[in-house]
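Based on these hints, arrange chain B on the given structure of chain A.
Those protein sequences? They're chains A and B, same order as listed.
Just so we're aligned: 129 in full-length UniProt numbering is position 129 of the first sequence, and the numbers increase by one with no gaps anywhere.
Just so we're aligned: 111 in full-length UniProt numbering is position 111 of the second sequence, and the numbers increase by one with no gaps anywhere.
Take the hints with a grain of salt, since some may be wrong.
Which residues of chain B face chain A? A partial, calculated answer using Cβ under 8 angstroms [unchecked claim]:
| no. | residue |
| --- | --- |
| 1 | E74 |
| 2 | V77 |
| 3 | M91 |
| 4 | L200 |
Only pairs whose alpha carbons sit at most 30 angstroms apart, straight line, appear in this in silico BS3-like list of lysine-lysine [claimed, not checked]:
| no. | chain 1 | residue 1 | chain 2 | residue 2 |
| --- | --- | --- | --- | --- |
| 5 | B | K168 | B | K2 |
| 6 | B | K138 | B | K42 |
| 7 | B | K138 | A | K42 |
| 8 | B | K42 | A | K138 |
| 9 | A | K201 | A | K57 |
| 10 | A | K42 | B | K42 |
| 11 | B | K138 | B | K208 |
| 12 | B | K57 | B | K201 |
| 13 | A | K138 | A | K201 |
Pulled from the structure, derived: some chain A residues nowhere near chain B, Cβ distances all over 12 angstroms [unchecked claim]:
| no. | residue |
| --- | --- |
| 14 | L115 |
| 15 | D194 |
| 16 | S211 |
If you are wondering where the hints come from, they were derived from the structure by calculation, not from laboratory data.
The structure presented is a predicted model; accordingly, all values stated were derived computationally and were not measured.
Glycine included, every Cβ here is placed at the ideal spot set by N, Cα and C.
Protein chains: 2
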Amino acid sequence: MKRFDLSLYLVLDPALCRPLGMVETARLAVAGGVTMVQLRDKGASPAQMIETGRALKAALADSGVSLIVNDDVEAAVAIGADGLHVGQDDMEVQTARQLIGPDMILGLSVETEALAARVDPAMVDYVGAGPVFTTATKPGHKPPIGMDGLARLIAATSLPAVAIGGLKVEHVATSLAAGAAGLAVVSAICGQPDPRTAALKLSQAIRKARS
Amino acid sequence: MKRFDLSLYLVLDPALCRPLGMVETARLAVAGGVTMVQLRDKGASPAQMIETGRALKAALADSGVSLIVNDDVEAAVAIGADGLHVGQDDMEVQTARQLIGPDMILGLSVETEALAARVDPAMVDYVGAGPVFTTATKPGHKPPIGMDGLARLIAATSLPAVAIGGLKVEHVATSLAAGAAGLAVVSAICGQPDPRTAALKLSQAIRKARS
Chain A
1 MKRFDLSLYL VLDPALCRPL GMVETARLAV AGGVTMVQLR DKGASPAQMI ETGRALKAAL
61 ADSGVSLIVN DDVEAAVAIG ADGLHVGQDD MEVQTARQLI GPDMILGLSV ETEALAARVD
121 PAMVDYVGAG PVFTTATKPG HKPPIGMDGL ARLIAATSLP AVAIGGLKVE HVATSLAAGA
181 AGLAVVSAIC GQPDPRTAAL KLSQAIRKAR S
Chain B
1 MKRFDLSLYL VLDPALCRPL GMVETARLAV AGGVTMVQLR DKGASPAQMI ETGRALKAAL
61 ADSGVSLIVN DDVEAAVAIG ADGLHVGQDD MEVQTARQLI GPDMILGLSV ETEALAARVD
121 PAMVDYVGAG PVFTTATKPG HKPPIGMDGL ARLIAATSLP AVAIGGLKVE HVATSLAAGA
181 AGLAVVSAIC GQPDPRTAAL KLSQAIRKAR S
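Here chain A stands alone, though its shape is the one from the complex (with noise of 0.2 angstroms):
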């Protein structure tokens, strides 16, 4: 049995992470309460990404949060990272559960309903799901789904669904009425001037709207 916890999703993001950095920010996060933690760095090489996850993976040690890596495959298992998340543009999800092995996590992108449901539950381990709002974080997103969309493609699939997607605290209550089992964040931490205090908020009001 796979541990994971979506409440809280931090992706990182080394543009906006930049006065802190990464591996900083996430440690910030994570005491704030941020469950997962994604690294994502699509302009990295294999060497870089290698050097971060593991510095990640270190700052994270201990904490229980479950580190993710990106679709780099080979970084992913280099770090010993938990687990892989891979976008519908990226590799097969039967080839990226093969390459990983049955016990490291997968996570797969879904942006429509009819994605959702014909994700294979015996290869993924969660989707995520979005985007609920349009967002400057992701260049060239898929067309935002709102949160009527989000509560159809969380229907559509048996898997825990991390809605993502220009999400903020004040969404924390719908997101999860729409059945997501937590929400994915990237500038709502990333970049804000006090990670911890960010991730603390959105934390408090997930616990709240759970309560």
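For chain B alone, coordinates are given in the frame of chain A:
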């Protein structure tokens, strides 16, 4: 026990193979006696690698010839190739082995005696040893080691070695005498007017040198 035959190892080059294409070149070369085929296409997209690789796999089906993919582990696994070949500048062999699992063939390029001595036979199945001579096929290659260098390099490892780098039919006997299990060629087959005949001459020379 993995079975592969390094005797005559064709490394496909997309530019040199343009007249007939990589798949048809490989098919003809196998008819002429090639025993292993490597798909090497540093400029291809992942999707192109997978498409070409699947076509190659279909063309080689039932031939007993192993299909090896250069560097691209996602493609190697997606294709269902027999093996992966990595260079010193590619991923670490531990990572490669972890990604492809225990059953796929793993080859590693070594350019010096010191590198050859350091190869872990628990991780790697064969080494590519060279470049023996200077070659235009691989721009920016390491300094050529010559036949004496080849013999020293091969002596430094317990693994089977395939010699590579500017090898032609007149180098078959000396390469095998240096301890090579076989010869890897690119331009001696790719782009030759008749790849089947070119392969046949090489395979006959190998058979003769061994008798």
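Legend entry - Hint consistency between B/K42 and A/K138 [alpha-carbon to alpha-carbon, up to 30 angstroms]: Distance of about 28 angstroms is within 30 angstroms: holds.
Inset, instruction - Hey, is A/L115 genuinely clear of chain B, shortest beta carbon separation above 12 angstroms? - result: 18 angstroms, holds
Inset, instruction - For the pair supplied as a hint, B/K138 and B/K42, confirm whether the alpha-carbon distance does not exceed 30 angstroms. - result: 11 angstroms, holds
Legend entry - Distance rule for A/S211, whose beta carbon must clear each one in chain B by more than 12 angstroms: 42 angstroms, holds
Inset, instruction - Verify the proposed pairing of A/K138 with A/K201, using a straight-line Cα cut of 30 angstroms. - result: Given pair A/K138, A/K201 holds - Cα atoms ~23 angstroms apart, limit 30 angstroms.
Inset, instruction - Report holds if the minimum CB distance from A/D194 to chain B is greater than 12 angstroms, and violated otherwise. - result: Non-interface label stands for A/D194: nearest chain B Cβ at 36 angstroms, farther than 12 angstroms.
Inset, instruction - Grab the minimum C-beta distance from B/L200 to chain A and call the hint holds if it beats 8 angstroms, violated otherwise. - result: 36 angstroms, violated
Legend entry - Straight-line alpha-carbon gap B/K138 to A/K42, limit 30 angstroms: 28 angstroms, holds
Inset, instruction - Take the C-alpha atoms of A/K42 and B/K42, compute the straight-line distance between them, and say whether it is at most 30 angstroms. - result: 19 angstroms, holds
Legend entry - Restraint satisfaction for B/M91 [CB to CB of chain A, less than 8 angstroms]: 5 angstroms, holds
Legend entry - Proposed proximity, B/K2 with B/K168 (alpha carbon, max 30 angstroms): OK: B/K168 and B/K2 at ~28 angstroms, within 30 angstroms.
Inset, instruction - Decide if the proposed pair is consistent with the structure: B/K57 and B/K201, CA atoms, cutoff 30 angstroms inclusive. - result: With Cα atoms ~24 angstroms apart, B/K57 and B/K201 stay inside 30 angstroms; holds.
The structure does not agree with numbered hint 4 stated previously, though it agrees with all others.
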